[in-house]
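Enquirer: Input sequences plus hints: build the corresponding full structure.
There are 2 protein chains.
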Amino acid sequence: MKENTPESLEEIPSGSVVTPKEFQASGIYCGLKTTKNRPDIGVIFSKIPAAGAALFTTNKICAAPVVLGKKIIKQGKLRAIIVNSGNANACTGERGYKNAEEMALTASKLLEISEEEILVSSTGVIGKHLPMDKISAGIEQASRSLGNTAAHGNAIAQAIMTTDTLPKSIAIKVKTSGNEILIGGISKGSGMISPNLATMLCFLTTDVRISAELLQTCLKSSADQSFNRITIDGHMSTNDTIAILANGASGVEITSAGTKLTLFQEGLDYVTRYLAKAIVMDGEGATKFIQIFVKGAKSFADATKIARTIADSPLVKTAMNGSDPNWGRIVSAAGYAGVELDEAHTTLYINNILVYEKGMPASFDYGVLKTSMQKQDIFICLQIGTGNYSDTIWTCDLSKEYISINADYHT
Amino acid sequence: MKENTPESLEEIPSGSVVTPKEFQASGIYCGLKTTKNRPDIGVIFSKIPAAGAALFTTNKICAAPVVLGKKIIKQGKLRAIIVNSGNANACTGERGYKNAEEMALTASKLLEISEEEILVSSTGVIGKHLPMDKISAGIEQASRSLGNTAAHGNAIAQAIMTTDTLPKSIAIKVKTSGNEILIGGISKGSGMISPNLATMLCFLTTDVRISAELLQTCLKSSADQSFNRITIDGHMSTNDTIAILANGASGVEITSAGTKLTLFQEGLDYVTRYLAKAIVMDGEGATKFIQIFVKGAKSFADATKIARTIADSPLVKTAMNGSDPNWGRIVSAAGYAGVELDEAHTTLYINNILVYEKGMPASFDYGVLKTSMQKQDIFICLQIGTGNYSDTIWTCDLSKEYISINADYHT
Chain A
385 MKENTPESLE EIPSGSVVTP KEFQASGIYC GLKTTKNRPD IGVIFSKIPA
435 AGAALFTTNK ICAAPVVLGK KIIKQGKLRA IIVNSGNANA CTGERGYKNA
485 EEMALTASKL LEISEEEILV SSTGVIGKHL PMDKISAGIE QASRSLGNTA
535 AHGNAIAQAI MTTDTLPKSI AIKVKTSGNE ILIGGISKGS GMISPNLATM
585 LCFLTTDVRI SAELLQTCLK SSADQSFNRI TIDGHMSTND TIAILANGAS
635 GVEITSAGTK LTLFQEGLDY VTRYLAKAIV MDGEGATKFI QIFVKGAKSF
685 ADATKIARTI ADSPLVKTAM NGSDPNWGRI VSAAGYAGVE LDEAHTTLYI
735 NNILVYEKGM PASFDYGVLK TSMQKQDIFI CLQIGTGNYS DTIWTCDLSK
785 EYISINADYH T
Chain B
385 MKENTPESLE EIPSGSVVTP KEFQASGIYC GLKTTKNRPD IGVIFSKIPA
435 AGAALFTTNK ICAAPVVLGK KIIKQGKLRA IIVNSGNANA CTGERGYKNA
485 EEMALTASKL LEISEEEILV SSTGVIGKHL PMDKISAGIE QASRSLGNTA
535 AHGNAIAQAI MTTDTLPKSI AIKVKTSGNE ILIGGISKGS GMISPNLATM
585 LCFLTTDVRI SAELLQTCLK SSADQSFNRI TIDGHMSTND TIAILANGAS
635 GVEITSAGTK LTLFQEGLDY VTRYLAKAIV MDGEGATKFI QIFVKGAKSF
685 ADATKIARTI ADSPLVKTAM NGSDPNWGRI VSAAGYAGVE LDEAHTTLYI
735 NNILVYEKGM PASFDYGVLK TSMQKQDIFI CLQIGTGNYS DTIWTCDLSK
785 EYISINADYH T
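Protein chains in written order, with the numbering used here: chain A, 385 to 795; chain B, 385 to 795.
Rather than coming from a laboratory, the hints here were simulated on the basis of the structure.
Predicted, not measured: the structure shown is a model, and the values here were computed from it.
Fair warning: there could be bad hints in the mix.
Identical chains blur together in the list; that is why a pair holds if it fits in one copy or across any two.
Unchecked claim - Dumping the calculated DSS-like pairs for lysine-lysine here, alpha-carbon to alpha-carbon at most 30 Å:
{"no.": "1", "residue 1": "Lys417", "residue 2": "Lys742"}
{"no.": "2", "residue 1": "Lys420", "residue 2": "Lys754"}
{"no.": "3", "residue 1": "Lys682", "residue 2": "Lys454"}
{"no.": "4", "residue 1": "Lys431", "residue 2": "Lys518"}
{"no.": "5", "residue 1": "Lys461", "residue 2": "Lys559"}
{"no.": "6", "residue 1": "Lys557", "residue 2": "Lys482"}
{"no.": "7", "residue 1": "Lys754", "residue 2": "Lys417"}
{"no.": "8", "residue 1": "Lys455", "residue 2": "Lys682"}
{"no.": "9", "residue 1": "Lys482", "residue 2": "Lys742"}
{"no.": "10", "residue 1": "Lys512", "residue 2": "Lys689"}
{"no.": "11", "residue 1": "Lys512", "residue 2": "Lys682"}
{"no.": "12", "residue 1": "Lys759", "residue 2": "Lys482"}
{"no.": "13", "residue 1": "Lys454", "residue 2": "Lys512"}
{"no.": "14", "residue 1": "Lys604", "residue 2": "Lys644"}
{"no.": "15", "residue 1": "Lys759", "residue 2": "Lys512"}
{"no.": "16", "residue 1": "Lys742", "residue 2": "Lys455"}
{"no.": "17", "residue 1": "Lys454", "residue 2": "Lys689"}
{"no.": "18", "residue 1": "Lys458", "residue 2": "Lys742"}
{"no.": "19", "residue 1": "Lys742", "residue 2": "Lys454"}
{"no.": "20", "residue 1": "Lys689", "residue 2": "Lys518"}
{"no.": "21", "residue 1": "Lys455", "residue 2": "Lys559"}
{"no.": "22", "residue 1": "Lys461", "residue 2": "Lys754"}
{"no.": "23", "residue 1": "Lys754", "residue 2": "Lys512"}
Expert: Spelled out as structure tokens, the structure:
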């Protein structure tokens with residue numbers, strides 16, 4: 385999963401959302417999670433005004449904070465994100481919406497900023513009203529705990545976790561003609577992940593100066609090559625949110641296309657790809673990281689459809705779990721993707737070993753392939769030969785652990 | 385899952401495809417299955433000429449016998465079905481097609497009928513060439529073993545099994561003004577099941593006299609209310625086939641719409657529903673039978689889409705496995721079905737207990753609902769309030785046993 389770092393970028397050890405200048409964060413325990421002392425509420429804050437952009441789930445059933453967030457982000461200004469885990473505030477009707485508004489109001493008083501610069505976000509169980517006494521006390525404590533040390537960065541990354549086993553955090557430095565821009569980010573999975581817009585929570589900070597419009601374009605483009613390329617269980621969440629705050633504290637300004645924008649976009653893409661892949665690696669019960677590359681399709685949409693259908697097939701996912709070269713499941717999944725396919729022009733490689741060539745089984749060393757599949761990374765390459773478009777989807781396997789986690793998550 | 389038997393019908397104890405007059409069958413072991421002495425090849429045979437109809441998978445990657453079968457069925461005549469398990473003869477190219485033809489040729493000589501009256505069918509692992517020596521010897525032995533006892537009916541039902549734990553077989557008597565028609569059937573699952581046409585193997589026999597055209601119409605209609613209403617893992621197979629033979633031996637003839645046709649269709653529907661539900665009940669690792677009823681949709685297609693999306697969500701399926709009233713997963717799955725939905729008009733019942741009403745969580749006794757969900761049958765009823773159409777999908781839960789079965793099926 386690890387990729388090469390481009391020359392213009394530098395990863396910052398223990399970097400997070402507080403690495404870019406003038407950002408602070410906190411994560412504390414307020415009693416939402418059943419396991420005591422695991423952070424479950426947090427704040428990301430820019431000490432100076434910042435532009436903001438965000439993307440949200442396309443699920444028709446979306447959570448109260450998402451409904452509110454869509455309204456807030458239209459202003460293009462964002463100085464703080466208030467986020468809780470342990471309760472999604474979804475399917476909670478009018479009362480849920482009022483609770484989300486109240487979270488913003490509480491934070492605005494404590495942080496002394498406008499409610500219209502605050503994005504509220506929630507993740508966790510659906511269909512339960514937020515315990516507003518705990519939430520309000522939590523926001524107060526989190527607002528008092530703000531800081532920019534590595535511990536603060538780690539605390540906010542932990543505060544957004546649900547079934548994640550590890551916090552996911554990164555920061556990089558983008559070098560641009562004598563100056564530098566910092567970009568930081570955190571994300572959380574690790575079930576209800578399906579690519580169609582956001583698919584989880586991801587919060588990004590940067591100290592570049594950029595307009596909200598341009599930032600939104602950069603974010604959309606970056607999500608398309610990261611979070612929209614992953615799937616864990618194909619179940620789209622009600623709460624998916626990606627948001628970015630850009631406060632200009634670096635003194636570097638981007639106003640239009642050019643080298644600076646290219647470098648910034650490259651940096652942002654690196655950060656979002658890292659965070660998206662980290663979600664897959666930490667997918668519920670995941671033991672494998674699977675890259676599915678479909679090429680030779682008639683359109684990009686066709687390539688995507690086939691790759692996603694393969695990625696979401698429980699039969700493919702269980703075969704991968706068993707390190708089993710059961711390639712018929714991969715080919716047959718492609719066959720029901722709803723896309724034109726000619727068996728006589730379909731060829732499949734697993735870990736660069738040819739297993740199926742132009743509609744016929746290829747002879748290969750079963751033992752060698754099986755051994756190669758026992759490693760964590762699996763690379764599936766399907767060529768369908770109807771055109772020139774390709775796409776990649778990243779996913780994980782389906783294990784007994786996924787069942788354990790999800791058969792009892794509710795209580 | 386058991387439904388009331390209409391007055392015009394009577395279930396025949398130990399009935400199967402050999403119950404209708406002048407039908408014979410056999411099932412023997414020829415060495416395709418790894419477990420010795422489990423029947424893996426069989427024949428269904430009508431001693432007199434018969435009309436035939438069939439439906440096949442819509443997967444773009446379809447097995448050699450399916451390609452051949454689509455050609456054969458156009459003639460409208462069918463006297464024999466030759467079927468093997470343990471090897472799907474799919475993704476096997478030109479050689480696979482020739483092997484399917486050879487199976488028909490071998491059988492035609494032994495049964496002394498035309499190759500054009502023979503349907504070949506295969507199920508099992510994809511991408512391996514059939515061992516034709518074993519197959520030919522198997523067809524010969526199976527042809528010599530034909531008979532019409534309960535043991536013969538049971539043998540053919542076993543010969544089509546792959547990961548099924550039980551043979552699935554039924555026969556009924558349809559009473560029609562002094563006369564009677566017999567209908568028998570067998571089916572097999574139990575993975576790679578997704579509703580879109582056939583979705584598994586099902587072979588039906590009847591002694592009514594009917595034209596191939598009318599029989600095809602009856603079969604399509606019957607599949608739509610049975611096999612097209614089930615899903616196990618959402619993975620559409622390359623080999624799905626439903627076929628029916630009608631030999632006229634009862635002396636009852638149906639030539640057009642009327643009471644006789646209505647009663648026959650009712651009987652056929654009863655048989656296919658029984659066999660479809662039996663596949664779900666015996667779904668790989670299944671511990672629950674789940675009925676998903678969506679009503680108040682704008683169109684039938686919308687209702688189907690929502691019901692299928694809920695049925696295929698691994699998060700819904702694992703919650704059911706854990707007898708867990710995690711209703712947020714059901715509602716959120718409906719939200720990404722790609723269908724118009726208004727949360728304020730969405731209401732959900734689980735086992736007739738109201739859990740979500742018009743976009744708001746309902747108060748219900750968690751313990752009572754949880755206890756009711758520990759039973760085998762679960763009934764999910766989602767009302768979306770955008771129109772007057774409804775649909776039902778039957779599915780099962782997702783268990784650790786499913787993972788065990790599918791992580792190691794290949795070898």
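Enquirer: Confirm or reject each hint.
Expert: Going down the list of hints, with the structure as the test:
1. Lys417 / Lys742: between (53 Å within a copy, 28 Å between copies)
2. Lys420 / Lys754: between (43 Å within a copy, 26 Å between copies)
3. Lys682 / Lys454: between (35 Å within a copy, 27 Å between copies)
4. Lys431 / Lys518: Close inside one copy (26 Å), not across copies (77 Å); limit 30 Å.
5. Lys461 / Lys559: within (26 Å within a copy, 75 Å between copies)
6. Lys557 / Lys482: neither (39 Å within a copy, 62 Å between copies)
7. Lys754 / Lys417: Intra 41 Å, inter 22 Å, cutoff 30 Å: inter-copy only.
8. Lys455 / Lys682: Between copies only: 29 Å across chains, 38 Å inside a chain, cut-off 30 Å.
9. Lys482 / Lys742: between (58 Å within a copy, 17 Å between copies)
10. Lys512 / Lys689: between (35 Å within a copy, 27 Å between copies)
11. Lys512 / Lys682: between (45 Å within a copy, 29 Å between copies)
12. Lys759 / Lys482: neither (49 Å within a copy, 38 Å between copies)
13. Lys454 / Lys512: Within. Shortest intra-copy distance 22 Å satisfies the 30 Å Cα cut-off; inter-copy 53 Å does not.
14. Lys604 / Lys644: within (18 Å within a copy, 62 Å between copies)
15. Lys759 / Lys512: Result: close only across copies, 25 Å inter versus 41 Å intra.
16. Lys742 / Lys455: between (51 Å within a copy, 23 Å between copies)
17. Lys454 / Lys689: both (28 Å within a copy, 27 Å between copies)
18. Lys458 / Lys742: between (50 Å within a copy, 28 Å between copies)
19. Lys742 / Lys454: This pair counts as between: shortest inter-copy Cα distance 22 Å, intra-copy 48 Å.
20. Lys689 / Lys518: neither (43 Å within a copy, 39 Å between copies)
21. Lys455 / Lys559: For lysine 455 and lysine 559, the Cα distance exceeds 30 Å both inside one copy (34 Å) and across copies (65 Å).
22. Lys461 / Lys754: neither (52 Å within a copy, 45 Å between copies)
23. Lys754 / Lys512: The answer is between: 17 Å across copies meets 30 Å, while 46 Å in one copy does not.
Violated hints, in rising order: 6, 12, 20, 21, 22; the structure is consistent with all others.
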